[in-house]
Amino acid sequence: MAIKVKSPGLATTVQDLGRPGFYHLGIPLSGAMDRFALRAANLLVGNDEGAAALEAVFMGPELAFTEDAVVAVTGAELPPKIDGEVQDTWTSFEVKAGQTLSFDFLKSGARGYVAVSGGIDVPVVLGSRSTYALGALGGFEGRPLAAGDTLPVGDAGPNIRAGRRVPEALRRGPGDPVELRMLPDIYWHRLTEESQAQFLADTWAVAPEADRIGYRFRGGEPLAFVKREQPFGAGSDPSNIVDGCYPYGSIQVPGGTEPIVLHRDAVSGGGYFMVGTVISADMDLIGQLQPHTPARFVAVDMDTALAARHARRKMLADLRAALATADEKERISA
Amino acid sequence: MHTRYAFGGDEHIFVEVDEEMSLDAFFKSLSMTNAVREQGIDGVTEICPANASFQIKFDPDVIAPGDMLAELKKIEDAAEHADHTIATRIIEIPVYYRDPWTNETLMRFRERHQDPDGTDLDYAARINGYDSVEAFIAAHHGSPWFVTMVGFVAGLPFMYQMVERERQIEVPKYLRPRTDTPKLTVGYGGCFSCIYSVRGAGGYQMFGITPMPIYDPAQEISYLRDFMVFFKPGDIVKFKPIDREAYDATVAEVEAGRFAPTIRPVDFSLDAFQADVDGTNQQLMEALNGD
Numbered sequence: 244m245a246i247k248v249k250s251p252g253l254a255t256t257v258q259d260l261g262r263p264g265f266y267h268l269g270i271p272l273s274g275a276m277d278r279f280a281l282r283a284a285n286l287l288v289g290n291d292e293g294a295a296a297l298e299a300v301f302m303g304p305e306l307a308f309t310e311d312a313v314v315a316v317t318g319a320e321l322p323p324k325i326d327g328e329v330q331d332t333w334t335s336f337e338v339k340a341g342q343t344l345s346f347d348f349l350k351s352g353a354r355g356y357v358a359v360s361g362g363i364d365v366p367v368v369l370g371s372r373s374t375y376a377l378g379a380l381g382g383f384e385g386r387p388l389a390a391g392d393t394l395p396v397g398d399a400g401p402n403i404r405a406g407r408r409v410p411e412a413l414r415r416g417p418g419d420p421v422e423l424r425m426l427p428d429i430y431w432h433r434l435t436e437e438s439q440a441q442f443l444a445d446t447w448a449v450a451p452e453a454d455r456i457g458y459r460f461r462g463g464e465p466l467a468f469v470k471r472e473q474p475f476g477a478g479s480d481p482s483n484i485v486d487g488c489y490p491y492g493s494i495q496v497p498g499g500t501e502p503i504v505l506h507r508d509a510v511s512g513g514g515y516f517m518v519g520t521v522i523s524a525d526m527d528l529i530g531q532l533q534p535h536t537p538a539r540f541v542a543v544d545m546d547t548a549l550a551a552r553h554a555r556r557k558m559l560a561d562l563r564a565a566l567a568t569a570d571e572k573e574r575i576s577a
Numbered sequence: 494m495h496t497r498y499a500f501g502g503d504e505h506i507f508v509e510v511d512e513e514m515s516l517d518a519f520f521k522s523l524s525m526t527n528a529v530r531e532q533g534i535d536g537v538t539e540i541c542p543a544n545a546s547f548q549i550k551f552d553p554d555v556i557a558p559g560d561m562l563a564e565l566k567k568i569e570d571a572a573e574h575a576d577h578t579i580a581t582r583i584i585e586i587p588v589y590y591r592d593p594w595t596n597e598t599l600m601r602f603r604e605r606h607q608d609p610d611g612t613d614l615d616y617a618a619r620i621n622g623y624d625s626v627e628a629f630i631a632a633h634h635g636s637p638w639f640v641t642m643v644g645f646v647a648g649l650p651f652m653y654q655m656v657e658r659e660r661q662i663e664v665p666k667y668l669r670p671r672t673d674t675p676k677l678t679v680g681y682g683g684c685f686s687c688i689y690s691v692r693g694a695g696g697y698q699m700f701g702i703t704p705m706p707i708y709d710p711a712q713e714i715s716y717l718r719d720f721m722v723f724f725k726p727g728d729i730v731k732f733k734p735i736d737r738e739a740y741d742a743t744v745a746e747v748e749a750g751r752f753a754p755t756i757r758p759v760d761f762s763l764d765a766f767q768a769d770v771d772g773t774n775q776q777l778m779e780a781l782n783g784d
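If you read the sequences in order, they're chains A and B.
Per our numbering, the first sequence runs over residues 244 to 577.
Per our numbering, the second sequence runs over residues 494 to 784.
Treat the hints with care, since some could be wrong.
[Said to hold, decoys possible] Pairs of lysine to aspartate or glutamate, EDC-like flavour, derived with a Cα cap of 20 Å:
id: 1; chain 1: A; residue 1: Lys557; chain 2: B; residue 2: Asp552
id: 2; chain 1: A; residue 1: Lys470; chain 2: B; residue 2: Glu513
id: 3; chain 1: A; residue 1: Lys470; chain 2: B; residue 2: Glu512
id: 4; chain 1: B; residue 1: Lys566; chain 2: B; residue 2: Asp535
id: 5; chain 1: B; residue 1: Lys733; chain 2: B; residue 2: Glu627
id: 6; chain 1: A; residue 1: Lys249; chain 2: A; residue 2: Glu328
id: 7; chain 1: B; residue 1: Lys731; chain 2: B; residue 2: Glu657
id: 8; chain 1: A; residue 1: Lys557; chain 2: B; residue 2: Glu512
[Claimed, not checked] Heads up, incomplete: computed chain B residues facing chain A, CB under 8 Å, no partners named:
id: 9; residue: Lys550
id: 10; residue: Phe651
id: 11; residue: Lys666
id: 12; residue: Tyr667
id: 13; residue: Pro706
Just so you know, the hints here were simulated from the structure itself, not pulled from any lab data.
Think of the CB as a built atom: it goes at the ideal place given N, C-alpha and C, for glycine as much as any other residue.
Between the sequences and the hints, there should be enough to build the whole structure, so can you do that?
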């Protein structure tokens, strides 16, 4: 089975749950920016949660199917259409051989996840099918999709059904206004107390430079640094450090002006100080932010971060249970 | 040296071994990351040594952040007294300084630079007190370099100059990062040289270009067939200046699958190096150039 790419969308890539274990060589995790949405899409079409799917940003691709398949689209509100007929998001549906899957305009969010029964079967590189475009690694030939590509699809499992649906309560929107919870640490002490307070009080906006590597924000006050003599090897700007590692979600502020939150395709290190790190529970959310979205950084402690992480895991467990229950009901009524 | 621990959200611990760069800080970081690896602590998912710091990524569902921190602090005591001797390798990297490609790029981004009227090499030579660009280039390839970190992007080495601190080259990064850097550019920022493994954004000053690929995700280049990334922390590098003709010849050799980098095994002792910098470097050069 294969899918022919008629038009690729804006920057559609093959992604799974990522490629851990090579960050020390500068090869990042990659994988879906909204991991919950990827898992949900896969569960809807009967795949393993970590199967490879398509991540479409802002604009969907146009895909011609050569065989029958079951498809689901989750994450952003990017309505799928089969031969022009609109289908529900967060719900599995059938696509027949010869039909074309396309998308309506983006209604909300930023990234839609398109899972196909059987999964996108590109080669596994360093343990993952995810695309790391900067390093031309993994995915479909190490790059976003292009018109004319033919995507291989794996063999579908037995657990295939159209009409599976994620309950509304288990779909998370970005919230309004967006609050990104962060643990202030690492080089937070380099800011004056007034500047720390200002950073958290300001409303920032997502800048147009927002991609899989990182999300840039602008609109807040420039940061003020505690005075010091720059350490040897760091460079002359007060925002410089001796080049070190960057955590996923870390918030660096080059020149003290525009915060950048590193995401799944993070640069693994560099010479800019970090004021803290967005907690793991809020990383998916960032992947759904459009440029110009207002956002605030909210300082939390480790206990809050772990509680939020736990809540996200529970949401995933609830999703698995809800889909299993619905399948069971379907089986009995059949 | 004051080691400082910080949490990077709920999944990382960032350990700053020292605020400033030194080989002492690097070796302590390397000892600690080696110890973490050897101990095989459950829940550790990434171990990333850096120049004067390191980072551990862990799964807080497996090991509580506080327990992870306690494990690292235990390891620190042992690392203080570790023997700073490693078995490593020295590699000769050909560099075409003042090449046309980095020159074209640096002219394109001149408004982001401290000195819009000159080149990156003019600027670096001047602020480091060299009479000429030629003298500066001679200093850049005159002594070996120690790979103290691999990262930023896939396979990019950060290299620390193996000379006394007062002789070390220091340059600031661009005022605003470029959006483009040619693949295999030899760059400089802070006290580090680097080689850009892929084309992309960058903030380091640009001095030249090497014809020797250091990252190959397709694993077609002969010396990258076993693994796609060439460098690892602890490698020692000697730059060799080449001209356009030699550059073109090496590119052709690489493409034909005939190029093999010159690599020799060496032992490196931090104590011996600090006791006699020139003597140690001379021995390294003999190891590289001997049969």
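How the hints compare with the structure:
Simply put, lysine 557 of chain A and aspartate 552 of chain B have alpha-carbon atoms about 16 Å apart, close enough for the 20 Å limit, and the pair holds. Note on lysine 470 of chain A and glutamate 513 of chain B: the hinted pairing holds, with a Cα-Cα distance of about 16 Å set against a maximum of 20 Å. Annotation: proposed proximity of lysine 470 of chain A to glutamate 512 of chain B holds, straight-line Cα distance about 15 Å (limit 20 Å). The hinted pair formed by lysine 566 of chain B and aspartate 535 of chain B meets the criterion: a straight-line CA distance of about 16 Å does not exceed 20 Å.
For the hint linking lysine 733 of chain B to glutamate 627 of chain B, the alpha-carbon distance of about 14 Å falls within 20 Å, and the restraint holds. The hinted pair formed by lysine 249 of chain A and glutamate 328 of chain A meets the criterion: a straight-line CA distance of about 17 Å does not exceed 20 Å. With a C-alpha separation of about 17 Å, the suggested pair lysine 731 of chain B and glutamate 657 of chain B falls inside the 20 Å cut-off, and the hint holds. Only pairs whose Cα atoms come within 20 Å are accepted, and lysine 557 of chain A paired with glutamate 512 of chain B is rejected, the gap being roughly 40 Å.
With a least beta-carbon distance of about 7 Å to chain A, the hint placing lysine 550 of chain B at the interface is held under the 8 Å criterion. Look at phenylalanine 651 of chain B: its Cβ gets to within about 6 Å of chain A, closer than 8 Å, so that hint holds up. Checking lysine 666 of chain B against chain A by beta carbon gives a least distance of about 6 Å; that is within 8 Å, so the hint holds. A cut of 8 Å between beta carbons decides the hint on tyrosine 667 of chain B: the least distance to chain A is about 10 Å, and the hint is violated.
The beta carbon of proline 706 of chain B is not positioned within 8 Å of any beta carbon in chain A (closest approach about 12 Å), and the interface hint is therefore violated.
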